[in-house]
Amino acid sequence: MDFSYSEEQTLIANSLRKLLDDTYAQDQRQRYLESDLGYSADNWRQYAELGLLSVPFAEEVGGFGGSSVDVLVLQTEFGRRLALEPFVSTVVLGGGAVRLAASAEQQAEILPAVIAGECRLAAALGEPQARFDLNDVETTARADGGGWVLNGAKAVVMGGDTADKLVVSARTGGAATEREGLSLFLVDADAAGVSRRGYRLIDGRGAAEVTLDNVTVDGAALLGEPGAAWPVIEHVADLGNAALCAEAVGAMEMVNELTLDYLKMRQQFGRPIGRFQVLQHRMVDLVMEYENARSIALLAAMEADNPDVTTRARAVSAAKVYVAGAGRKMGQWSIQMHGGIGMTDEYMLGHYAKRLNVGEQTLGDVDHHLARFGAIAAAA
Amino acid sequence: MDFSYSEEQTLIANSLRKLLDDTYAQDQRQRYLESDLGYSADNWRQYAELGLLSVPFAEEVGGFGGSSVDVLVLQTEFGRRLALEPFVSTVVLGGGAVRLAASAEQQAEILPAVIAGECRLAAALGEPQARFDLNDVETTARADGGGWVLNGAKAVVMGGDTADKLVVSARTGGAATEREGLSLFLVDADAAGVSRRGYRLIDGRGAAEVTLDNVTVDGAALLGEPGAAWPVIEHVADLGNAALCAEAVGAMEMVNELTLDYLKMRQQFGRPIGRFQVLQHRMVDLVMEYENARSIALLAAMEADNPDVTTRARAVSAAKVYVAGAGRKMGQWSIQMHGGIGMTDEYMLGHYAKRLNVGEQTLGDVDHHLARFGAIAAAA
Amino acid sequence: MDLSYNAEELAFRDEVRAFLKDKLPQDLADKVKKSQRLSKNDYMTWHRILFDQGWITPGWPVEYGGTGWTAIQKHIFDEEASAAGAPRVQPFGVNLVGPVICHFGSEEHKQRFLPKIRSGEEFWCQGFSEPGAGSDLASLKTRAVLDGDEWVVNGQKTWTTLGHYADWIFCLVRTDPDVKNQEGISFLLIDMKTPGVTVRPIVTLAGDHVVNEVFLEDVRVPAGNLVGELNRGWDYAKFLLSNERTGIAGIGASKADLEHLKDMARLERKNGKPLIDDPLFQARLAQLEIDLMALELTNMRVLVEEQERGSPGPISSLLKIRGSEIQQRLAEMKMDAVGPYATPFILEAVDADWNGEPVGPDYAAACARSYFDRRKTSIYGGSNEIQKNIITKAILGL
Amino acid sequence: MDLSYNAEELAFRDEVRAFLKDKLPQDLADKVKKSQRLSKNDYMTWHRILFDQGWITPGWPVEYGGTGWTAIQKHIFDEEASAAGAPRVQPFGVNLVGPVICHFGSEEHKQRFLPKIRSGEEFWCQGFSEPGAGSDLASLKTRAVLDGDEWVVNGQKTWTTLGHYADWIFCLVRTDPDVKNQEGISFLLIDMKTPGVTVRPIVTLAGDHVVNEVFLEDVRVPAGNLVGELNRGWDYAKFLLSNERTGIAGIGASKADLEHLKDMARLERKNGKPLIDDPLFQARLAQLEIDLMALELTNMRVLVEEQERGSPGPISSLLKIRGSEIQQRLAEMKMDAVGPYATPFILEAVDADWNGEPVGPDYAAACARSYFDRRKTSIYGGSNEIQKNIITKAILGL
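Protein chains in written order, with my numbering: chain F, 345 to 724; chain P, 345 to 724; chain V, 13 to 410; chain W, 13 to 410.
It should be emphasised that the hints constitute simulated quantities derived from the structure, not laboratory data. Please read all numbers here as calculations on a predicted model, not as lab measurements. Some clues are possibly wrong.
[Stated by the list, open to error] Mimicking BS3-like on lysine-lysine, the simulated pairs with C-alpha atoms at most 27 Å apart in a straight line are: (1) V:Lys205 <-> P:Lys673; (2) F:Lys673 <-> V:Lys274; (3) P:Lys608 <-> W:Lys405; (4) P:Lys608 <-> W:Lys192; (5) V:Lys285 <-> W:Lys285; (6) V:Lys405 <-> F:Lys608; (7) V:Lys192 <-> P:Lys673; (8) F:Lys673 <-> V:Lys192; (9) V:Lys205 <-> V:Lys128; (10) F:Lys673 <-> W:Lys267; (11) P:Lys608 <-> W:Lys153; (12) W:Lys405 <-> F:Lys673; (13) V:Lys45 <-> V:Lys86; (14) P:Lys673 <-> F:Lys673; (15) P:Lys608 <-> V:Lys405; (16) V:Lys153 <-> F:Lys608; (17) P:Lys673 <-> W:Lys274; (18) F:Lys608 <-> V:Lys192; (19) P:Lys673 <-> W:Lys267; (20) W:Lys153 <-> F:Lys608; (21) W:Lys45 <-> W:Lys86.
[Unchecked claim] Partial selection, computed: residues in chain W whose CB lies under 7 Å from chain V: (22) Pro291; (23) Leu292; (24) Ala295.
All residues carry an ideal CB built from backbone N, CA and C; glycine is no exception.
Sequences are here, hints too, so could you generate the full structure?
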């Protein structure tokens, strides 16, 4: 049993941390947020150069052949600095769908550009009526000659505002919320009939509502067998949640750092507020939440690549429940302990709380994953 | 709007408080507990003499014609001293069933002895398989000539160990958990075919498992119309819960008194432990729970006599949820704040915690009443 | 014991309802119900309607424009106004400085200030907190030094709600630096147009500009603007803060908010059913409603007691703690109710004059914003930790 | 990173499982699984089986009888033994005084005491807490005065677990009253048969006799029974308490308890379905299992770190807090699971030799009793508040 990073992971974590230290000072980050793009194109290029965008992909297509633990290493650093680049949407979600569903030929066609930082992806899986059920798909794909015609609407597509290509789930068979009959398609974001409404999420990251109105794609756009995409969709969501948990743990680390510093620095009633027992004990709670969140996020990363869906789901949903719950409490408590300053846009704490909030409500909230875990636990 | 006791209520509360002060010192109470009866026969007689056993009954049968608020006045005092006499089972539950279901003739026949303290009642409504669903009745009553033959089992009948007569719910029609087809019968506790297994509950009060094996009763034993008892059963449970909430509020008052005294008295680290901020704030939480519990217990008492089941159920189930939740937290917190001494049988605090615990798990627990309230709230 | 309104109170409630039906502009109520951002004009519209009705300052002594309502009547008004979607009356003039002037101000103060607070002609803000004096308000450093017949004021105030709308600010200033904290503080009224007063916006994490920093640099204030006695400002502040806390429980608003949440939960769907029928969500909603019921009754008990005895007392701290927690839980459940549509942050979508297409259901835009905004309720008006300290001393005697 | 056991660890687990299958008496395991009360004989039976196996003191240095197991191996043993229903090994000799003697005792102490701790021939109890010294242990007042070559001990100890079974008690005694609290305390071993030692039972609110008061009246103890240096007892106590805290998280036992709870929830029915399928109950159960998973992993991280660095350190306080909370939540959910049958209190029904008919399901009798009994887990071994104080200082530096 070993909880430490490998030498290689430590190296890459350190170089990413250095890059982010240099490029993510608060005012720099603010400039990225205020730009149309919403993140740093420069950083994106540097991630590509460092090979970060290649991590989970097979060596055959120029990838690093890494695991979800390697993704955790990066995501923890991104979380610490609240990086804005579309790593999760491109590499983990969109890229994950491609590598799990697509043929070797399709991967060789698609992924090199992704790895080079020249093609951003997004996974358009959720729908307006679906809440968090990714099997609730009303978007349809109708066979048309050798190709397909897609119609439907996709909701809150993370990274969908700036993506070059979208991985879209659509129903080629089955009814209503059935898991059978779902297929995945790779669609150019600027294809005729695709309209996107881009916006920012509460933490500043970009997303989009996507409408597909008679969008025509050729046969090669279908990733995998028609109607058999559900296991991939479920796995992609697990990869995404494991990555979001890792990011949250990085953010939590900073929440605690900021809060502990503040307790030591801020004077009221003639002494640092960290001398008040109620705040001390609350800070201990923050530390306990962080340590446990980190533990279970490691488990999720370890199991996120597991093809056995029960083992994987148990670990990932457990992590999502714990990390989301801890993140919400930590956001609330840390703001409370800061008082007014914690409520301001100028101070970074609130930005961490908002990032934790978005992670919590992406790809299934606590109740969603509590039910998923609960069904497994009750059966076991 | 008026939250205060009437002059009459104040008088009766004071005289009961005095009686209990005189008769419920800890060693006296211990003696009652160790006796076969499990309570003070003397006190029971005095309650009768003071007219306490007549409170909710009609003046026609020698009752006081009082309300559930009058019952609250008494129950709060009983709760403060953890009185052991079977007031709830006799007057509120058993007596409640009789006064709500029985004909005037039957009441005139039954209640004077109850009021005189010569006949203790118990309501045998729950069953082993029923959890908290009083409509889940498998006990049957078969018409036999002018009378009835009863068969079945009743679970955790509060006061059932010492009761002279039992009000038994039985199915004269309908299936499984239907609300239709339920009837109430008054059965002598020592009738042929009735076997009781008496025991103590965790708070020391008596209860029994009751088995009915071909118990024959005459036609006059049926209270009300056959098959139409559900509204009465539901109302009786509401009366019981309102009374248990009032009792809990009395107990909570003493929990807070004991705990606050202990915080002031107990010295550690060279000062009273009440100087530690974490314990101070926890004590504030105890006070808030108590004040809110008291508020909503008043509401339950006000509405417990309301014939409109929705209004009544909303108030009583809300009170049960709040009081039971508060009671559990208060028991836990107060024991924790006391440390080891709070864990001992010698110190009264634990006995209050146990009393709160029994109240919580009698006539429906938090989840049961949360669902009952939730259904009303969702529809409203 | 009688927990229902008596005939007089019911008649009053009918009167309030009729007034609201008649006078509350529908578009204003719609904005409030959708949690849209209100402009100064929105607030003042409603202020003037209440002024015209003679109901703008129910809490004041009758001789200065109070209505003479009982505590219960005030509660009824509050509850009905909230249920109807009336905006919150901005409290700085009406509920905070107004009563201080009524009780402690000079005759000149009363004549100069009270009518314009009532009419809404002058908008007030509060200058208490400072960067170094938050929970520990008594450590404030803003200095006022008498120079002839003027106070010269230097310092910085912060968290000044709607300071950018304000004509006047009431400040706590240190007038004697040589005594211990609570002593040596005075209560001073300052015209915001005086040279040396600068307002700088503070943007909150919900993206709003509501609070401000106020810089005071050699601000010259007529000596007569000092309220009450010199160096007795702390007493007036305590008087003011205990008034602030009662309102802060926000029972009426929370009851209205709960109905809004229920409406949302009836529209949202989970597992093919209305969210309100989901067992977990329903149980959580029920618990929240029950907690609010209990608090409302406790609030009524306090009001009745207050009516009998005079002032609200330290028990108001208890109401503030629970009331703010419930406000936060409501915001939290609304955010949870809209699921994935809680995260899109279209700030302009909460502007009343925005005509864009919403992302997700139209009630979704305000949810995450409100969630973060509501975090302030357990901080302002004396943080909940400070409230617990107050109860510890005043009620528990620890 | 690798969160699974390696081949060696898996082989060890198999060995442990085989041992348990072979050697753990079935009737003993049944008692444990039903939460029945164990007799001294029950405890000692298992103690001797472990002794015969050479596994009774895994934590000791190998030269005194330790197994040389890694921290992970110890965890595996603990988890497997709990899952199989092995009784808890009473820690007073084996985990508490034993390591102190190994590290700080004289050669005579080691030869005199260690073998009989291992064989179980002598049963130990702990004499730390006093009526006036609970959380503030350092304020203890029991005095030991040297008279010739004997200590004369006077004072009172309390919360002495299983003191009525004990042959020996290890005590903290004040040997220098003139220095400040933590100084002037020594660590003394006292034969319970010495004249002047009186044990008085304390009955808990769960109706059990487990803890005792121990009165010490002119108890004469050979000078040589003092462990380590005079007036350094506090250091040894800290060493001992940090060992105590690690075990106290009780991960293995909680995992076994969770399975028991699930079994109950499969048998209990609500609304015509197994309770485990009730959405509220299932969600609460899932949250508890998840919290336990997270804590188990944190525990493993701490163990691996401990293996690399030596001692457990203040982080063990963190494990103690969360571990005890989880133990309490498990007891709470068991009580809730049995519904109305939680309240009947048939104390004799938890005695192993009781042949009566249970009231309700046979697992119900222990539920309310355990619920109340478990309240102690957040009190003993240094209350959770004290643990938070320790973390505040040692980890947070506040």
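Hint-by-hint comparison with the structure:
1. V:Lys205 <-> P:Lys673: Violated, because 54 Å separates the two Cα atoms, which is more than 27 Å.
2. F:Lys673 <-> V:Lys274: Holds, at roughly 24 Å.
3. P:Lys608 <-> W:Lys405: holds, 26 Å
4. P:Lys608 <-> W:Lys192: holds, 24 Å
5. V:Lys285 <-> W:Lys285: holds, 20 Å
6. V:Lys405 <-> F:Lys608: holds, 26 Å
7. V:Lys192 <-> P:Lys673: violated, 41 Å
8. F:Lys673 <-> V:Lys192: Distance ~38 Å between F:Lys673 and V:Lys192 Cα, so the pair is violated.
9. V:Lys205 <-> V:Lys128: holds, 16 Å
10. F:Lys673 <-> W:Lys267: Status holds; Cα separation ~25 Å.
11. P:Lys608 <-> W:Lys153: This hinted pair holds, its Cα atoms lying about 21 Å apart.
12. W:Lys405 <-> F:Lys673: Answer holds: W:Lys405 to F:Lys673 is near 23 Å, not above 27 Å.
13. V:Lys45 <-> V:Lys86: Judged against 27 Å, a Cα distance of about 22 Å means the pair holds.
14. P:Lys673 <-> F:Lys673: It holds: about 20 Å lies between the C-alpha atoms, which stays within 27 Å.
15. P:Lys608 <-> V:Lys405: holds, 12 Å
16. V:Lys153 <-> F:Lys608: Status holds; Cα separation ~21 Å.
17. P:Lys673 <-> W:Lys274: holds, 24 Å
18. F:Lys608 <-> V:Lys192: holds, 24 Å
19. P:Lys673 <-> W:Lys267: Holds - the C-alpha atoms of W:Lys267 and P:Lys673 are around 25 Å apart, at most 27 Å.
20. W:Lys153 <-> F:Lys608: violated, 36 Å
21. W:Lys45 <-> W:Lys86: holds, 22 Å
22. Pro291: Check passed: Cβ of W:Pro291 comes within 4 Å of chain V, closer than 7 Å.
23. Leu292: holds, 6 Å
24. Ala295: holds, 6 Å
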